[in-house]
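Asker: Sequence:
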Amino acid sequence: MPQYPDIFYKSAFERATQSADTVQVVDTIACDSVVPSFITSGFHGTLNPLPRMSYEILQGWNLALLGLMLFLVVVNKQLYPRQFRQVLSVPGGVAHTNQLLREWNPMRSFICMSFTLGYILLMTLFVQKSCVVLSHDMLTYNNLKVFGILCAAMTGWILLRHLTLRFVNWLFDTNETIDRQMVVQFSVSILTLIAMVPVTLLLLYNPTKYFIWIGIAVLGLAAILRLVFGVMETRVSTKIPAFYIFLYLCALEIAPIATLVTAGLRYFSHGSVF
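All residue numbers for the sequence shown refer to my numbering, where the first residue is 31 and numbers rise by one.
No lab work stands behind these hints: they were computed from the structure.
Check before you lean on any hint, since a few could be wrong.
[Claimed, not checked] Pairwise CB distance ranges, derived in the manner of DEER restraints:
1) R196 / V258: 17 to 23 Å
2) L290 / N173: 19 to 25 Å
3) T185 / K107: 21 to 27 Å
Ideal Cβ placement from N, Cα and C applies to all residues, glycine included.
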């Protein structure tokens with residue numbers, strides 16, 4: 031067998047020039063070890079490295095925010111175990127709501143304030159990360175400034191819903207109804223928060239559209255539950271026909287959410303909501 035004692039030292043890619051029938055054997059493994067810069071040799075010009083594309087949307091404060099959500103659940107469950115169970119049992123029927131309202135009013139409690147704050151922060155985080163994934167623009171949307179703007183918008187949205195409920199109940203003189211409707215909304219919001227924590231966590235580590243659709247499905251189901259339970263609770267405390275209650279709650283629940291989702295999808299797919 032012919033020997034090539036100096037093939038890796040003179041030139042690893044030198045072709046045979048003596049005759050066309052002479053073939054040189056090149057050991058690419060040894061070549062990698064002896065000639066570490068072989069990739070950049072033999073080219074005319076310079077090689078400019080390109081920045082690596084990253085699809086990482088997770089930031090440190092995102093995990094801290096999710097940890098705060100879990101902390102709120104644990105603290106409220108430990109400090110107010112009976113009240114916590116009563117709030118979660120509201121979707122079980124009107125009897126559970128009657129028992130809850132006889133004992134305490136959740137609207138002026140620590141549970142309500144803490145979970146409302148947690149709900150706003152978690153929904154804002156989900157909306158922000160959804161904007162990042164759908165637009166593929168991390169520089170524009172994945173920062174604290176956008177989070178603050180979305181948080182303010184979410185707070186204004188919840189306050190507008192609350193004021194609308196109070197105005198309608200004042201208009202029709204149904205003071206008892208607002209307590210029932212607020213309890214239903216509060217209970218469904220807690221259940222939504224608990225369900226959205228793992229969905230948001232999965233979205234942070236796997237920024238794909240699938241988890242966005244799962245989150246939208248959870249929020250859509252929550253809106254339907256608020257609608258159904260709101261109609262049931264309102265029928266107990268008022269003589270307004272069920273059809274008008276249904277139309278009112280549809281206008282309050284489904285229409286705004288459907289409009290926002292449709293506008294968002296059109297914006298990220300076509301660049302405009304129109």
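Asker: Does each hint fit the structure? Answer for all of them.
Answerer: Verification of the supplied hints:
Restraint check, R196 to V258: a C-beta distance of roughly 22 Å satisfies the suggested window 17 to 23 Å. A hinted range of 19 to 25 Å for the beta carbons of L290 and N173 is consistent with their spacing of about 22 Å. At about 25 Å, the CB distance of T185 to K107 agrees with the hint of 21 to 27 Å.
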